[in-house]
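Participant: Sequence:
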Amino acid sequence: ETPNQFAADAYDCVYAVKAALEQAECTPDMSASDICDKLVKVFTDPTFEFSGLTGETMTWQDTGEVS
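For the sequence shown, this note's numbering gives the first residue as 1427, with consecutive numbering after it.
Treat each hint with caution, since some may be false.
Mimicking SDA-like on lysine to any residue, the simulated pairs with C-alpha atoms at most 20 angstroms apart in a straight line are [to be verified]:
1) Lys1467 - Phe1432
2) Lys1467 - Tyr1441
3) Lys1467 - Glu1491
4) Lys1444 - Phe1432
5) Lys1467 - Ser1493
6) Lys1444 - Ser1459
7) Lys1464 - Phe1432
Simulated restraints on C-beta separations [as the list claims (entries may be wrong)]:
8) Val1466 - Glu1427: 30 to 38 angstroms
9) Ala1434 - Pro1472: 32 to 40 angstroms
10) Phe1432 - Thr1453: 29 to 37 angstroms
11) Glu1451 - Thr1485: 18 to 26 angstroms
12) Cys1452 - Met1484: 15 to 23 angstroms
13) Thr1470 - Asp1435: 13 to 21 angstroms
14) Ala1458 - Glu1427: 31 to 39 angstroms
15) Glu1491 - Ala1434: 17 to 25 angstroms
16) Ser1493 - Ala1433: 20 to 28 angstroms
17) Ile1461 - Thr1489: 14 to 22 angstroms
None of these hints come from the bench; they were simulated from the model. Keep in mind that this is a model prediction, so the values were computed, not measured. Glycine residues also receive a C-beta, built at the ideal position from the N, C-alpha and C atoms.
Construct the complete structure from the given sequences, taking the supplied hints into account.
Facilitator: Written as structure tokens, this is what we have:
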């Protein structure tokens, strides 16, 4: 079966989270709450950008909406 748009969205989502985890320097011993707080901080930082299959230089607003 040929992958659809949702497959590409999921692929980009996984790699955007990976990039944010790396930038936030999250470690496996951190609590889920601490990781979540760090991810929100990275994703809503205007300097954080992600380029993937579905777009280039994607950024996130304070509301979590992706551009």
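Participant: Indicate, hint by hint, whether the structure satisfies it.
Facilitator: Structure-based check of all given hints:
1. Lys1467 - Phe1432: violated, 26 angstroms
2. Lys1467 - Tyr1441: holds, 17 angstroms
3. Lys1467 - Glu1491: holds, 14 angstroms
4. Lys1444 - Phe1432: holds, 18 angstroms
5. Lys1467 - Ser1493: holds, 17 angstroms
6. Lys1444 - Ser1459: Holds, at roughly 17 angstroms.
7. Lys1464 - Phe1432: violated, 26 angstroms
8. Val1466 - Glu1427: 30 to 38 angstroms: holds, 35 angstroms
9. Ala1434 - Pro1472: 32 to 40 angstroms: For Pro1472 against Ala1434, whose Cβ atoms are near 25 angstroms apart, the range 32 to 40 angstroms is violated.
10. Phe1432 - Thr1453: 29 to 37 angstroms: About 31 angstroms separates the Cβ atoms of Phe1432 and Thr1453, which means 29 to 37 angstroms holds.
11. Glu1451 - Thr1485: 18 to 26 angstroms: Between Glu1451 and Thr1485, where Cβ atoms are some 20 angstroms apart, the hint holds.
12. Cys1452 - Met1484: 15 to 23 angstroms: For Cys1452 and Met1484 the Cβ distance comes to about 20 angstroms; the hint holds.
13. Thr1470 - Asp1435: 13 to 21 angstroms: holds, 20 angstroms
14. Ala1458 - Glu1427: 31 to 39 angstroms: holds, 34 angstroms
15. Glu1491 - Ala1434: 17 to 25 angstroms: holds, 19 angstroms
16. Ser1493 - Ala1433: 20 to 28 angstroms: holds, 21 angstroms
17. Ile1461 - Thr1489: 14 to 22 angstroms: holds, 20 angstroms
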